[in-house]
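**Student:** Top line first, the protein sequences correspond to chains A and B. What the first sequence shows, in numbering that gives the first Met the number 0, is residues 0 to 497, in sequence order. What the second sequence shows, in numbering that gives the first Met the number 0, is residues 0 to 497, in sequence order.
Among the hints, erroneous ones may be present.
If several chains are the same, the list does not tell them apart, and a pair holds so long as it fits within one copy or across any two.
Calculated cross-link-like contacts (lysine-lysine; reagent style DSS-like; alpha-carbon spacing at most 27 Å) [as the list claims (entries may be wrong)]:
| no. | residue 1 | residue 2 |
| --- | --- | --- |
| 1 | K123 | K277 |
| 2 | K123 | K70 |
| 3 | K45 | K277 |
| 4 | K70 | K207 |
| 5 | K123 | K207 |
| 6 | K422 | K481 |
| 7 | K45 | K70 |
| 8 | K423 | K207 |
| 9 | K481 | K277 |
In short, the hints are calculated from the structure, not lab data.
There are 2 protein chains.
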Amino acid sequence: MTHPAAVRRRAAVIGGGVIGGGWLARFLLNGWDVNVFDPDPEAERKLAEVLANARRSLPSLYDVALPASGKMRLCRTVEEAVADAEWIQESVPERLELKHRVMTQIQAAMPPSALIGSSTSGFKPSELGAGVPRPESVLVVHPFNPVYLLPVVEVVPHASVTETSIARAQETLRSIGMMPLRLRREIDAHVADRFLEAVWREALWLVKDDIATTQEIDDVIRFGFGIRWAQMGLFETYRIAGGEAGMAHFLAQFGPCLKWPWTKLMDVPDLDDALVKKISDQSDAQSGMRSIRELERIRDDNLVSMMRALKGRNWASGRTLREHDDRLRREVAPPDWSQPILTVARTVPIDWTDYNGHMNEAKYLDLFSSAADRFMELVGCDAAYVAAGSSYFTAESHLQHIAEAHAGERVRVLTQLLAGSGKKLHLFHRLFAEGEGAGGAATEARLLATGEQFLIHVSLETRRSSVPSAAVQERLRDIESKHAALPRPGRLHCGQRD
Amino acid sequence: MTHPAAVRRRAAVIGGGVIGGGWLARFLLNGWDVNVFDPDPEAERKLAEVLANARRSLPSLYDVALPASGKMRLCRTVEEAVADAEWIQESVPERLELKHRVMTQIQAAMPPSALIGSSTSGFKPSELGAGVPRPESVLVVHPFNPVYLLPVVEVVPHASVTETSIARAQETLRSIGMMPLRLRREIDAHVADRFLEAVWREALWLVKDDIATTQEIDDVIRFGFGIRWAQMGLFETYRIAGGEAGMAHFLAQFGPCLKWPWTKLMDVPDLDDALVKKISDQSDAQSGMRSIRELERIRDDNLVSMMRALKGRNWASGRTLREHDDRLRREVAPPDWSQPILTVARTVPIDWTDYNGHMNEAKYLDLFSSAADRFMELVGCDAAYVAAGSSYFTAESHLQHIAEAHAGERVRVLTQLLAGSGKKLHLFHRLFAEGEGAGGAATEARLLATGEQFLIHVSLETRRSSVPSAAVQERLRDIESKHAALPRPGRLHCGQRD
Chain A
0 MTHPAAVRRR
10 AAVIGGGVIG
20 GGWLARFLLN
30 GWDVNVFDPD
40 PEAERKLAEV
50 LANARRSLPS
60 LYDVALPASG
70 KMRLCRTVEE
80 AVADAEWIQE
90 SVPERLELKH
100 RVMTQIQAAM
110 PPSALIGSST
120 SGFKPSELGA
130 GVPRPESVLV
140 VHPFNPVYLL
150 PVVEVVPHAS
160 VTETSIARAQ
170 ETLRSIGMMP
180 LRLRREIDAH
190 VADRFLEAVW
200 REALWLVKDD
210 IATTQEIDDV
220 IRFGFGIRWA
230 QMGLFETYRI
240 AGGEAGMAHF
250 LAQFGPCLKW
260 PWTKLMDVPD
270 LDDALVKKIS
280 DQSDAQSGMR
290 SIRELERIRD
300 DNLVSMMRAL
310 KGRNWASGRT
320 LREHDDRLRR
330 EVAPPDWSQP
340 ILTVARTVPI
350 DWTDYNGHMN
360 EAKYLDLFSS
370 AADRFMELVG
380 CDAAYVAAGS
390 SYFTAESHLQ
400 HIAEAHAGER
410 VRVLTQLLAG
420 SGKKLHLFHR
430 LFAEGEGAGG
440 AATEARLLAT
450 GEQFLIHVSL
460 ETRRSSVPSA
470 AVQERLRDIE
480 SKHAALPRPG
490 RLHCGQRD
Chain B
0 MTHPAAVRRR
10 AAVIGGGVIG
20 GGWLARFLLN
30 GWDVNVFDPD
40 PEAERKLAEV
50 LANARRSLPS
60 LYDVALPASG
70 KMRLCRTVEE
80 AVADAEWIQE
90 SVPERLELKH
100 RVMTQIQAAM
110 PPSALIGSST
120 SGFKPSELGA
130 GVPRPESVLV
140 VHPFNPVYLL
150 PVVEVVPHAS
160 VTETSIARAQ
170 ETLRSIGMMP
180 LRLRREIDAH
190 VADRFLEAVW
200 REALWLVKDD
210 IATTQEIDDV
220 IRFGFGIRWA
230 QMGLFETYRI
240 AGGEAGMAHF
250 LAQFGPCLKW
260 PWTKLMDVPD
270 LDDALVKKIS
280 DQSDAQSGMR
290 SIRELERIRD
300 DNLVSMMRAL
310 KGRNWASGRT
320 LREHDDRLRR
330 EVAPPDWSQP
340 ILTVARTVPI
350 DWTDYNGHMN
360 EAKYLDLFSS
370 AADRFMELVG
380 CDAAYVAAGS
390 SYFTAESHLQ
400 HIAEAHAGER
410 VRVLTQLLAG
420 SGKKLHLFHR
430 LFAEGEGAGG
440 AATEARLLAT
450 GEQFLIHVSL
460 ETRRSSVPSA
470 AVQERLRDIE
480 SKHAALPRPG
490 RLHCGQRD
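Next up, chain A with everything else stripped away, as it sits in the complex (with noise of 0.2 Å):
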């Protein structure tokens, strides 16, 4: 679905890091055009690197393409970098005083009224802004590795920043797909780093104590309460767990076992030479036979896999997605009735290919229901017809399967109505994949499949046929009639029960 011509935003990234060049990626792949400031000489490589992970998970979290790519320009200065920037993402190494020096930098250059947020871990936003000329422009926005699949970001402004700043700087977080947790009131470390410093600490103890290795202890976080965490949190974990008596009740059962010695509550391990190398031994053995590239990999895979299972769930950071989903399909142009409708335009996400190496046979048909069911919706069967009681069922399905389709491949549905009158709708689908060459240029689509279905109108009640609305019926008569000129596919198959 082509996007019309927007206005291009443009962010400036400070600090070319795993960090850095995770936000930058996010901005990029969002249709953002980005700056990027690193001194480092190796920083192009680096980022190229982030970027070449980002492009090949990031798009697998969508059902709808995302826009154009934006452009990426290296500048030489801070000062090039900003000036024409609405947003500057500082991910500078954490020292006060660098970060004073930048931002004070970046003040000097930037527009006026552009905002910049800080990924800083360690520093609150009152000692951020006491070193720099303008800190009503200065907010934390601290994210998490990778940057470019995880949407949470907690935003702790300076206290002279205005309300309307923070509602700015948080839709520009939504615009890329991120979901902003504005924190009540500062404090070191933030709200994440608080958790993950608390159990750092103790897996250190597990470690140098000799009851746990760190595979051990990594085992039973990701096949315990870190699978039990991706979905819901503590408290409503526990809120469950409390039963219907609530969590006052939870607290009463479980309260006192905080008095127990249950952690290493009052001491932390000295970070010697023999803890140091008796955890990065552990380490190997557990992880060294993959390189970290490697690991990376694994991991998005993983982190897309599941959020994109808890979209289908509709909970969590699924329901993120599917707000940026919402998000990209309003600045989708609407169609030209003469020709086949665009249906469909997405990335073959990561987990629809199978051991043949290439997308599995049922997602061939899995596009031509979303292409139907996209169909049904600009006709007006959509979500509100289906709550009021009635849809299409699918009959019968024909599919034909010319070429194979990978991962990360652009496709898009062009369906043909073939009839649309009365109880039936048969629809003719074709798969593209959308030619795309270096740069993004166009190059000539390739037909990977085509499918036709039957289906029939029915009322959700009586799980029977039923007649559609006039509304739709007028909608189907109108493309009919416009699709009769097109071109009819050779062989049909579908229709004719046996």
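Starting from the known structure of chain A, fit chain B onto it as the hints suggest.
**Tutor:** Below, chain B without anything else, positioned relative to chain A:
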């Protein structure tokens, strides 16, 4: 797929709360008979509720049907419950003298070789063993809620338990789909709860100090590190953050943070009435619009969907699911080649339904695709054959939808070979809902759909058609001649390309 009459295994569950009920469900749905003892007059109702949750979610984890459920027997005494059990799971309230009394009772009546797993989170095996006559049968076997879905279980044997008994305990837990994690040494609260306590204490401070609400804390967890921890734990995640320089580099970079005042290290918040009210009010605002049962179902659906997503990646808890599938498949009887082949027998999982409330149309093709995979495997085109460079690709499919299927229904596919000579493979699948009345009694099967598939043998190197191995060809010829005697479908739709 019918499981050959296996020796019935029997467990006893002592204590029938949320945890005991979860154990009951795991054993029962994996084909064990289970005796239950709980003095609570409400026990039967409570167990039925946990069991209902488990029945709707646990079978969704697998791509193979679970064995027929075992029988549950509510017993009047501990002695009656344990008399013929090989495994006794103790989940009574966390009071040491009560555990000693109940375990002593159990040991007096259980078979001499039986093992006792204690679900305790608060006591060490040495403490449990100190008050019973035969500590050599006592192990801490600490699960996580919901026990019927989360795979991990911490195993901490009493010092006197033999290695043979420990191995038997681990094998028993694996046989019901769990992932036993044996700790190296006993420690207060074992491993996972040490982390949970540390996080819990930190969370109480954040709420008390008005930094974040329960909802905000849950969000920062589930939109951020929670989803990361569902697939890699603490150390593997940080290893990646350290980059190619590895774990020692990460420790050098982030170790010092431990000295910063980032956690409320030295203090435990007083859980007074004001804090209890604050937390339960915030929790009500966050989750009070849903009942606990509703939250449980949402949680279970989320967990099932995410674990299935990880199964697609063959990673973490998803790998545990695959191993259990393999275990279940090994128990399937070999096919009768003179009849249509039973190629799929499974439950429609929770994540396969769509907005119309029934199994999504693409999943019909998914089932037929799995049926074709299984058929190929049976004729020798298995994983090793594919790894050696050949496979069958589907060229054409035709589906007729006859009736709806719903999540939780048991379905099976019978596959008929229409033609299998040369490079071509022509299959006809019939999808049935296995009629299953109350108590698991089989009733008449219901035809849901038919699927005709036309496949071509290909070289995975050239991606072009090729001739199957002699062994595969011979196997196909043999089945073709046997299936020639079966009635053929009325009208065929595939194999004549236009």
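**Student:** The structure should be examined with respect to each hint, and the outcome stated for every one.
**Tutor:** Quick rundown of the hints versus the structure:
no. : hint           : in the structure
1   : K123 with K277 : between (34 Å within a copy, 26 Å between copies)
2   : K123 with K70  : neither (32 Å within a copy, 59 Å between copies)
3   : K45 with K277  : neither (29 Å within a copy, 47 Å between copies)
4   : K70 with K207  : neither (48 Å within a copy, 46 Å between copies)
5   : K123 with K207 : between (32 Å within a copy, 20 Å between copies)
6   : K422 with K481 : within (19 Å within a copy, 42 Å between copies)
7   : K45 with K70   : within (17 Å within a copy, 60 Å between copies)
8   : K423 with K207 : neither (70 Å within a copy, 61 Å between copies)
9   : K481 with K277 : neither (72 Å within a copy, 63 Å between copies)
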